[in-house]
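Visitor: Now for the letters of each chain:
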Amino acid sequence: DTAVSQTPKYLVTQMGNDKSIKCEQNLGHDTMYWYKQDSKKFLKIMFSYNNKELIINETVPNRFSPKSPDKAHLNLHINSLELGDSAVYFCASSLRDSGGICTFGSGTRLTVV
Amino acid sequence: AQSVTQPDIHITVSEGASLELRCNYSYGATPYLFWYVQSPGQGLQLLLKYFSGDTLVQGIKGFEAEFKRSQSSFNLRKPSVHWSDAAEYFCAVGVGGNKLVFGAGTILRVKS
Chain A
1 DTAVSQTPKY
11 LVTQMGNDKS
21 IKCEQNLGHD
31 TMYWYKQDSK
41 KFLKIMFSYN
51 NKELIINETV
61 PNRFSPKSPD
71 KAHLNLHINS
81 LELGDSAVYF
91 CASSLRDSGG
101 ICTFGSGTRL
111 TVV
Chain B
1001 AQSVTQPDIH
1011 ITVSEGASLE
1021 LRCNYSYGAT
1031 PYLFWYVQSP
1041 GQGLQLLLKY
1051 FSGDTLVQGI
1061 KGFEAEFKRS
1071 QSSFNLRKPS
1081 VHWSDAAEYF
1091 CAVGVGGNKL
1101 VFGAGTILRV
1111 KS
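Going down the list, the protein sequences come from chains A and B. Using the numbering used here, the first residue of the first sequence is number 1, and each one after it goes up by one. Using the numbering used here, the first residue of the second sequence is number 1001, and each one after it goes up by one.
One chain only, chain A, in its complex shape:
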């Protein structure tokens, strides 16, 4: 039973396309996150949702739009993909007061060509 699952695992797409990445957690957590890991392995938070409410919104282009239909799901939609969006995107979840103890998914490797 996967705790935090992301789909797809790999995504190759052309510049200008729109794509979505889905994330689901079955841990009963109330907070979910999207992190981006670039080609140099830097991991940086993009968004955080708590019970469907946006909590953290870092400086991310507005082409990126997270959507949380319920507290177990957090999807990431990316419009007009650019070469620089190529990265590994990690979903994570936690309890709100965990202090940073997160469970991460295995990542979605996005390649924009």
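Please keep in mind that the hints were generated in silico from the structure rather than gathered at the bench. There's no promise every hint is true.
Claimed, not checked - Facing chain B, according to a computed beta carbon distance under 8 Å, are these residues of chain A, among others:
1. Leu-43
2. Ser-48
3. Ala-87
4. Phe-90
5. Arg-96
6. Gly-100
7. Phe-104
8. Gly-105
9. Thr-111
Remember, it's a predicted structure, so these values are computed and weren't measured experimentally. Glycine residues also receive a C-beta, built at the ideal position from the N, C-alpha and C atoms.
Using the hints, position chain B against chain A.
Guide: Relative to chain A, chain B alone:
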């Protein structure tokens, strides 16, 4: 601004040797500190954390880390490395609201 520095990009150790991975942080308040490990193609797994209390914390897989406030450090150690420990290790500081700021990671190679 909050930041985490992992000075070593790569470290190679022999199997059975001891290991120390360095981590320094910059954060104005009392930090929450973490070490996560990432195996190839996998997500990050929490090794250990420091919130308060004893400055030497034990984690999974035989790892430990020591918080030294005077040095703003949280170095990860293991007395005897196993080949399965080869992975990338990330130090992170919790900066409130469950937000983690990560270091750039240290790749550990284990030679037999």
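Visitor: Next, verify each hint and record whether it holds.
Guide: To see whether the hints hold, each was checked on the structure:
| no. | hint | verdict |
| --- | --- | --- |
| 1 | Leu-43 | holds (4 Å) |
| 2 | Ser-48 | holds (7 Å) |
| 3 | Ala-87 | violated (14 Å) |
| 4 | Phe-90 | holds (6 Å) |
| 5 | Arg-96 | holds (7 Å) |
| 6 | Gly-100 | holds (3 Å) |
| 7 | Phe-104 | holds (4 Å) |
| 8 | Gly-105 | holds (5 Å) |
| 9 | Thr-111 | violated (15 Å) |
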